[in-house]
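Enquirer: Chains as they are written, first to last, in the numbering used here: chain F, 1 to 143; chain A, 1 to 130; chain E, 1 to 101.
Hints listed in this document are in silico derivations from the structure and should not be mistaken for laboratory results.
Remember, predicted model here, so these are calculated numbers, not experimental data.
Backbone N, C-alpha and C define an ideal beta-carbon position, used for all residues, glycine too.
Just so you know, not all the hints are guaranteed correct.
[Stated by the list, open to error] Listed below are the simulated DSBU-like cross-link pairs for lysine-lysine, each with C-alpha atoms no more than 35 Å apart in a straight line:
id, chain 1, residue 1, chain 2, residue 2
1, F, K119, F, K60
2, A, K30, A, K94
3, E, K74, A, K30
4, E, K74, A, K94
5, F, K21, E, K54
6, E, K54, F, K60
[Stated by the list, open to error] Covered stretches of chain A, going by a simulated chain F footprint (3 or more residues, C-beta under 8 Å):
id, segment
7, 13 to 22
8, 101 to 110
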Amino acid sequence: MSDIPEEASGIVKKFLYVNRKAPHGTIYALESLEVVLIGAAFEQDVSLAFLDDGVFQLVKGQDTADIGVKNFSPTYRALGDFEVTKLYVEKESLAERGLSKDDLMEIMYEDEDDDWEEKPSIKLVNRTELAAVMAGQDVILSF
Amino acid sequence: MKFGIVVNEGPYTHQAADTAYQFTKAVLEKGHEVYRVFFYHDGVNVGTRMTVPPQDERHIQRNWSELGEKYKLDMVVCIAAAQRRGIMDENEAKRQGLDGDNIAPGFRISGLGQLIEAGIQADRLVTFGD
Amino acid sequence: MSILHTVNKSPFEKQTLNSCIAHALDGDAILMVEDGVYGAIDGTAAATQLAANKNISIYALGPDLNARGLGEAKLVSGLTIVDYNGFVDLAVEHDKTQSWL
């Protein structure tokens, strides 16, 4: 398959994946995550933004057994292994939905530049900060 | 300028595949280049040749196939999304032991890496979806 | 560095336009397409929101307005109507596009 980066090598762009949809009701969250995982092989500067209903993707304790669909939420916790370590979660979106940081999964990564210290991947940002994150990107992919 | 186009919804239910078509056509007619059109999510359903809309309606797949032919577009259907939704080319149908393929002229099936590559290579990536 | 934002949802059904406006910065542009063009109707809450952001340019796709029977008289002032060629020009003028799907 042509998932192996070829001519693209050498160029590093800032990619932002914007997640604004809740999981399970539609396939967007799952298929967005699949893009992030494949994209990791291209060694780009990747960030993920979770805002609006997208914050529901990171809620802990998801159990899909009784709806008969695969629970892909544990995959977010593995993102660190793919060197995807910047997950921006919007504070206002959480608050509007009656959520706080404690309702979210703990997602960690090992920082290779800091003696492999474990650090949280989730960065809580307010709306203004998230707008600045968006403005600083080269490519924005929204699903 | 080099454009990448992403189509995330199937034909007829949503307008997205139509808007993407009109946009891509305008891009090309203005003399810009289209690096790739990538069909993802239900957008892969644009790439089946088995659609037969009423004669007085637009034929979304054929419109894309003709645009692709005219401008030699690289129109890629995501393999993972396509397999879920039953869009197959000859090789893939054989590999899966299926009795036929349905991919439309001008479309090819490939991996998600093609989307990332379009993001890297194109000057602008524009997404159409729902 | 500026963003062309596209919105394709009616503001009467979804919060998409609100969310887009809340994240757009000075110098950005918002283009309403498909059902998003219902956000261009004057005298609504969405129109008030749009008008409050003086430094963001607001556009609507003409073919989608026409398809939905929205004549210019119905539209919020300060809005620019573009066709698909204009959509392409906007995508060229701004360094990146964010689709608020």
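Enquirer: Hint numbers the structure violates, sorted upward?
Expert: 2, 4, 6, 7, 8
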